[in-house]
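Q: Residue numbering for the sequence shown follows the working numbering, beginning at 381 and increasing consecutively.
If you're looking for bench data, these hints aren't it; they were derived computationally from the structure. The reader is advised that the hints may include incorrect statements.
List of simulated lysine to aspartate or glutamate pairs, EDC-like, C-alpha gap at most 16 Å [what the hints assert, rightly or not]: (1) LYS492 <-> ASP474; (2) LYS492 <-> ASP544; (3) LYS522 <-> ASP470; (4) LYS458 <-> ASP594; (5) LYS492 <-> GLU542; (6) LYS522 <-> GLU448.
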Amino acid sequence: MSETLEAAKKFLAQCTDEERIILLDYLKERLPRHPLEQEWGVDAEIILSAISRSSDLTKRGVRGIIAEAVFERNVLGKLATWEAVNFADDRPYDFLIRSTTLEPKQVRIQVKLQRMRQQQPMLASQANRHYPSEMYVVEVQKTRGGVDLQTNEETRPYRFDEFDVLAVNMHPSTRDWDRFLYTVGNWLIPRSPNARLIEIFQPVPRIANESWTDNLGTCLEWLASGMQRRILDIDPKLLERRSRKPKRRRRKKQ
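Model the full structure from these sequences, guided by the hints.
A: Below you can see the structure in the form of structure tokens.
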């Protein structure tokens with residue numbers, strides 16, 4: 381088998397690009413298709429072409445899903461003594477993992493992609509001028525908005541009791557989908573004046589520090605320890621939003 385494979389590699393090295401494309405099409409006809417290709421009845425290349433011509437908002441959503449897929453495959457798949465718990469309903473976290481050896485028994489993980497602005501990694505100071513300019517930022521809020529009819533509160537911001545760990549994919553600044561930074565959910569900056577909610581824009585360092593780690597296992601240890609801290613010491617008053625004045629309508633000239 382290895383001799384055949386080596387011979388095939390040498391043969392491909394001698395082929396032109398046009399010949400390789402023909403061989404690739406030949407192999408595609410004989411290999412099993414991805415489940416999504418089967419479900420939608422279309423080839424992967426067409427799906428990628430459709431994403432390529434879509435809006436920035438659509439691409440942002442796809443990139444977020446890619447971050448979740450990479451986390452599931454390359455991080456959770458290698459996490460010892462923990463197992464993923466599958467669920468089908470809509471929850472305020474992306475992954476639920478369970479351990480038989482460590483406390484807490486279950487951990488809820490929210491995965492977010494580092495925020496971009498105009499196709500570049502967004503700096504924390506661009507989200508809030510009081511944030512450190514050397515840090516990046518992640519947007520921590522739900523995709524869909526709304527208002528709770530009982531409390532009259534916005535439902536798009538996360539509450540502090542909705543997930544335990546925040547995982548931020550750092551691909552926009554590192555160009556590496558396997559680069560994540562993790563922190564404990566309760567360490568995030570609260571929203572002002574409602575401290576039960578999580579501030580939408582959270583500063584993220586360029587590399588791991590005392591509040592962010594690049595190792596999920598370390599973050600789980602932080603969580604289990606019950607240690608309390610904030611990812612950034614900042615006066616809540618600096619986070620208060622100014623109410624926007626309604627624009628005055630200009631009177632039409634008679």
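Q: A separate judgement is required for each hint: does it hold in the structure or not?
A: For each hint, the structure was consulted:
Between the alpha carbons of LYS492 and ASP474 the distance comes to roughly 9 Å, so the proposed pair stays at or under 16 Å and holds. Distance hint between LYS492 and ASP544 is fulfilled; the C-alpha atoms sit about 13 Å from each other, no more than 16 Å. The straight-line distance between the Cα atoms of LYS522 and ASP470 is roughly 11 Å, inside the 16 Å bound, and the hint therefore holds. Between LYS458 and ASP594, the direct Cα distance comes to roughly 14 Å. Compliance with the 16 Å bound is thereby established for this hinted pair.
Using a Cα cut-off of 16 Å, the hinted pair LYS492 and GLU542 holds, with the two alpha carbons roughly 14 Å apart. For the given pair, LYS522 sits about 15 Å from GLU448 by alpha-carbon distance, which is consistent with the 16 Å threshold.
Comparing the model with each earlier hint shows no violations; every hint is respected.
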